[in-house]
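Chemist: Chains A and B, in that order, are what the protein sequence lines are. For the first sequence, the working numbering begins at 80 and goes up steadily by one. For the second sequence, the working numbering begins at 3 and goes up steadily by one.
Do not rely on the hints blindly, as some may be mistaken.
Where chain A lies over chain B, by a calculated footprint (3+ residues, C-beta under 8 Å) [unchecked claim]: (1) 14-28; (2) 32-42; (3) 51-57; (4) 72-85; (5) 89-99; (6) 204-212; (7) 229-237.
Simulated restraints, written as ranges between beta carbons of each label pair [claimed, not checked]: (8) A:G279 <-> B:G181: 43 to 53 Å; (9) A:L83 <-> B:Q53: 21 to 31 Å; (10) B:L227 <-> A:Q629: 30 to 40 Å; (11) B:M3 <-> A:S181: 56 to 66 Å; (12) A:E551 <-> B:M226: 50 to 60 Å; (13) B:A19 <-> A:L413: 55 to 65 Å; (14) B:L141 <-> A:I535: 49 to 59 Å; (15) A:Q374 <-> B:L227: 28 to 38 Å; (16) B:A131 <-> A:R260: 15 to 25 Å; (17) A:S181 <-> B:T6: 50 to 60 Å; (18) B:G184 <-> A:R430: 55 to 65 Å; (19) B:G181 <-> A:T563: 36 to 46 Å; (20) A:R430 <-> B:M226: 24 to 34 Å.
Examples of chain B residues lying across from chain A (beta carbon under 8 Å, computed) [as the list claims (entries may be wrong)]: (21) A47; (22) L48; (23) Y138; (24) L191.
Just so you know, these hints were derived from the structure itself, not from any lab. Bear in mind the structure is a predicted one, so any value in this text is a computation, not a measurement. Note that beta-carbon positions come from the ideal geometry of N, C-alpha and C, so glycine has one too.
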Amino acid sequence: MDKLTILLPAVPLLSAVIIALLAGRQRRRVARVSIGFSSLTLLLAATALALYLHDPQPTQVWLGAKWGSLYLDPLSCIMALAVASISLVVHVYSARYMAEESGYARFYLLLDLMAAAILLMVTAGDLITLLVAWHLIGVLLYFLLGHDTRRAAAQRYAFWTFFTYRLGDLPLILAAVLLARAYGTLSLPLLFERIAAAPGTHTAFGLPLMTTVGLLIALAGFARSAQFPLHTWLPYSMEGPTPVSALMHAGIVNAGGFIMNRFAPVFVHAGDVLHLVFAVGLVTAILGSVLMLTQNDIKKALGYSTMGQMGFMFVECGVGAFSLAIYHLIAHGLFKGTLFLSAGGVIGDARKHDGVPHDDVYTFVVERRPIASRLPWLAAAIITVVVPVTVLGLSHWLVGGNFVGQQGAVILLFFGWVTGAQLLFATYRLRAESPWRTMAMIILSLVVVVAGYTVIAHAFDLFLYPDRTLSEHIFAAAGIPLVTFEILVGILTVAIVAGWLAVYYTNAKGGKEDVRPSALRLAFYSLISREFYVADVYAWLTRTVLGLSQRLNVWSRWV
Amino acid sequence: MKLTLVALFLPLFPLSAAQNLMLARLRAPAARAALLLAWPQLGVALLHALQPQIPAFVVTWALLSAAFYALRLLTVRDLGLWAGFLASSALALTWVLVARGADITELHLFVFWFSLPAALQALLTGPLARRLGAAYAGLFTGVVERQPRMAVALTAVVLSAVATPPFPGFFALLHLLRGLAGAAALGVLGVWLIWGWAATRILQGFVAGNGREIATPDLAQSSMLMYTAALAVFAAAGLLFTGGGL
Numbered sequence: 080m081d082k083l084t085i086l087l088p089a090v091p092l093l094s095a096v097i098i099a100l101l102a103g104r105q106r107r108r109v110a111r112v113s114i115g116f117s118s119l120t121l122l123l124a125a126t127a128l129a130l131y132l133h134d135p136q137p138t139q140v141w142l143g144a145k146w147g148s149l150y151l152d153p154l155s156c157i158m159a160l161a162v163a164s165i166s167l168v169v170h171v172y173s174a175r176y177m178a179e180e181s182g183y184a185r186f187y188l189l190l191d192l193m194a195a196a197i198l199l200m201v202t203a204g205d206l207i208t209l210l211v212a213w214h215l216i217g218v219l220l221y222f223l224l225g226h227d228t229r230r231a232a233a234q235r236y237a238f239w240t241f242f243t244y245r246l247g248d249l250p251l252i253l254a255a256v257l258l259a260r261a262y263g264t265l266s267l268p269l270l271f272e273r274i275a276a277a278p279g280t281h282t283a284f285g286l287p288l289m290t291t292v293g294l295l296i297a298l299a300g301f302a303r304s305a306q307f308p309l310h311t312w313l314p315y316s317m318e319g320p321t322p323v324s325a326l327m328h329a330g331i332v333n334a335g336g337f338i339m340n341r342f343a344p345v346f347v348h349a350g351d352v353l354h355l356v357f358a359v360g361l362v363t364a365i366l367g368s369v370l371m372l373t374q375n376d377i378k379k380a381l382g383y384s385t386m387g388q389m390g391f392m393f394v395e396c397g398v399g400a401f402s403l404a405i406y407h408l409i410a411h412g413l414f415k416g417t418l419f420l421s422a423g424g425v426i427g428d429a430r431k432h433d434g435v436p437h438d439d440v441y442t443f444v445v446e447r448r449p450i451a452s453r454l455p456w457l458a459a460a461i462i463t464v465v466v467p468v469t470v471l472g473l474s475h476w477l478v479g480g481n482f483v484g485q486q487g488a489v490i491l492l493f494f495g496w497v498t499g500a501q502l503l504f505a506t507y508r509l510r511a512e513s514p515w516r517t518m519a520m521i522i523l524s525l526v527v528v529v530a531g532y533t534v535i536a537h538a539f540d541l542f543l544y545p546d547r548t549l550s551e552h553i554f555a556a557a558g559i560p561l562v563t564f565e566i567l568v569g570i571l572t573v574a575i576v577a578g579w580l581a582v583y584y585t586n587a588k589g590g591k592e593d594v595r596p597s598a599l600r601l602a603f604y605s606l607i608s609r610e611f612y613v614a615d616v617y618a619w620l621t622r623t624v625l626g627l628s629q630r631l632n633v634w635s636r637w638v
Numbered sequence: 003m004k005l006t007l008v009a010l011f012l013p014l015f016p017l018s019a020a021q022n023l024m025l026a027r028l029r030a031p032a033a034r035a036a037l038l039l040a041w042p043q044l045g046v047a048l049l050h051a052l053q054p055q056i057p058a059f060v061v062t063w064a065l066l067s068a069a070f071y072a073l074r075l076l077t078v079r080d081l082g083l084w085a086g087f088l089a090s091s092a093l094a095l096t097w098v099l100v101a102r103g104a105d106i107t108e109l110h111l112f113v114f115w116f117s118l119p120a121a122l123q124a125l126l127t128g129p130l131a132r133r134l135g136a137a138y139a140g141l142f143t144g145v146v147e148r149q150p151r152m153a154v155a156l157t158a159v160v161l162s163a164v165a166t167p168p169f170p171g172f173f174a175l176l177h178l179l180r181g182l183a184g185a186a187a188l189g190v191l192g193v194w195l196i197w198g199w200a201a202t203r204i205l206q207g208f209v210a211g212n213g214r215e216i217a218t219p220d221l222a223q224s225s226m227l228m229y230t231a232a233l234a235v236f237a238a239a240g241l242l243f244t245g246g247g248l
């Protein structure tokens, strides 16, 4: 097991060294070597997980006397498998996709180094190894996104990403320094033991140490996972090669969820920080989704969709469902990677077919098919409100029993209910030849998805957090006073249901109300189309700092 | 007086101007490299010999000096000048260790971790100027297209200079941060952030962009080997001597 742990980051590193030696000579061989080593890495990751399942004992391997250790526990095993899988898919896809590009060997070399750095991050067993890997990922991503050195846009947005990642590196460094100083160890398992034994004995920046460290770790996660207002780099990182976009959206951007889980024992004593994480995640999820809906470029829309998903991931952490965040990031990684890699095909299809639906007269007269129709709006509205809550409630009751008293579970069910209802609303809007049959099929799919999701998420929680006390303490830390909680849930429920009813009613009338936009609507639209002016503010700040730098150089006559 | 003399060699603004003026006057890259390596080591030796009293304000002054040069670094395009400014910014941080009472070996090593990458940059200005006419970012871009070995060497040297792992500067800064509290720690992190920004600006000015139409020879393989070996030994020495920093 020890050797296997070392081999996980070492194999892609070896691949990078071999590619560096082959560079410029055997172009085709570069891809074959890299894919071969990637396959081996995946095999190693799968073996590590299988061995862990066989003998569930965490292992820590030390390569150096003071730091340089690797740690295999449920979190690192599952993350290593996810990273190795996505990395292999991206390697295989790149073999042909990048064939016409210059710097083919450089690309594969960077890809292998990136795989090694991510695997080092997920298996890091001490603070310094974690910092080294965390830092290197940002640097390597900068070079991967800026792979096309001739395109100014690629360079510009690679820099945006790099700078935001650096902003995220620094809080993590400070957190590591504070923890090492307070608890006198670099080893993560030992550190967590000491925190559990004496969580409240230190302070930093005038706050309890755990609150400060929790806040710093959350900030590091926010920058890595594009949380508002540190999100601007994510949608624009599409300027990089498509395989890099896939790797980033499927893997690298999820680092925020990973770091929250890695430091879960800290958050047991930092409940206030979890509330902040919830709020930031919620704002990001809403803004990401709103911005996604207004994009006309498929890759940029996918970028904002990732931002929204990352927001949900932090919402899950904020309510204490840490293991669910890991399940979410893996599931999101797989589907978003697929979407990115197939985006080119979708664009190709769109060029061939206009995609404009035929009108009813055409369908009836030319195609001789019955006219599509919708369900009655009131029936659809009742189904939308009642069905998801029933399905979600029953499935959670089956695996969790007493979930009604747990705030985290209720919030997640609430989000599940909203998502399910949106799905049913979308089904209502689809005109179909047999609307009741379509709705029944969708409800059946919803049942299968929700039941599957609930069972797998439950199994995931048991695997990642076998210590049930820790899991319960995290949920408890994320809790708020019951009365406040119930009032908030009540207000949100009323607002959402009222909104749905209004939308159904408007749709039922055929949307023929006065559509002259008000000044408020126009202002909102301009706000969205300028992406809330966040990037403009950053650009202004950048210009100001550079201007100051220039003036200082002129004043001091360049010495 | 003793403090002023030492601050001339372990650069604190405005005394740091002496080092940068000398760098500007020296034309030979090897002489610049030698100055960047020797100057701060002399400072540490003087500090040890003179044993000046270190007033409390020196740490603040050192941090402001480091921030001042880091900020100025953002708009410097000349690689030689860039190396000098980065050295001025990084070496000013030595005073934080001095105020903490670090021993002489620790100080010698700390200044070495930051002056060697600056010296290597100064050496690179020679081949760059010979091939492109001047080691000036943005003047001739796209070095990676025409001179890939040069691009790799330049990138690695710049990354090592701005304390990127696994180079020793990274661990040296971790060690520095371990002894700092509150605002001072935030100050060092801020300076580190600006170094990273400046590094991307100088690299984009050389490496990215459209390549020059006129064919120019790449860095010789022997030179590339020399830079690779120097940086590999440097990184290994850092891993060995810094002990991770924290």
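Chemist: Between A:R430 and B:M226, is the Cβ distance one that fits in 24 to 34 Å?
Modeler: violated, 45 Å
Chemist: Taking the CB of B:L141 and the CB of A:I535, does the distance hold inside 49 to 59 Å?
Modeler: The hinted range 49 to 59 Å holds for B:L141 and A:I535, with Cβ atoms some 57 Å apart.
Chemist: Taking 50 to 60 Å as the hint, is the beta-carbon distance of A:E551 and B:M226 inside that range?
Modeler: holds, 58 Å
Chemist: Go ahead and decide if the range 50 to 60 Å is satisfied by the Cβ distance of A:S181 to B:T6.
Modeler: Because 54 Å falls inside the window, the suggested range holds.
Chemist: Given that the stretch 51-57 of chain B was listed as covered by chain A, double-check it with a C-beta distance under 8 Å for 3 or more residues.
Modeler: violated (count 0)
Chemist: Can the stretch 89-99 of chain B be counted as covered by chain A under the rule of three residues or more with Cβ-Cβ separation shorter than 8 Å?
Modeler: violated (count 0)
Chemist: For the hint on B:Y138, just tell me whether its beta-carbon gets within less than 8 Å of chain A.
Modeler: Hint on B:Y138: violated, closest Cβ of chain A at ~13 Å, above 8 Å.
Chemist: Taking 8 Å as the C-beta cutoff, is the stated coverage of the stretch 32-42 of chain B by chain A satisfied by three or more residues?
Modeler: Our answer is that it is violated, as 0 residues pass the Cβ test (under 8 Å) against chain A, missing three.
Chemist: Using the Cβ atoms, figure out if A:G279 sits within 43 to 53 Å of B:G181.
Modeler: violated, 24 Å
Chemist: For the restraint on B:L48, tell me whether the closest CB of chain A is nearer than 8 Å.
Modeler: With a minimum Cβ separation of about 22 Å from chain A (threshold 8 Å), the hint on B:L48 is violated.
Chemist: Could you see if the CB distance from B:A19 to A:L413 stays within 55 to 65 Å?
Modeler: holds, 57 Å
Chemist: Could you see if the CB distance from B:G181 to A:T563 stays within 36 to 46 Å?
Modeler: holds, 43 Å
Violated hints, in rising order: 2, 3, 5, 7, 8, 9, 15, 16, 20, 21, 22 and 23; the structure is consistent with all others.
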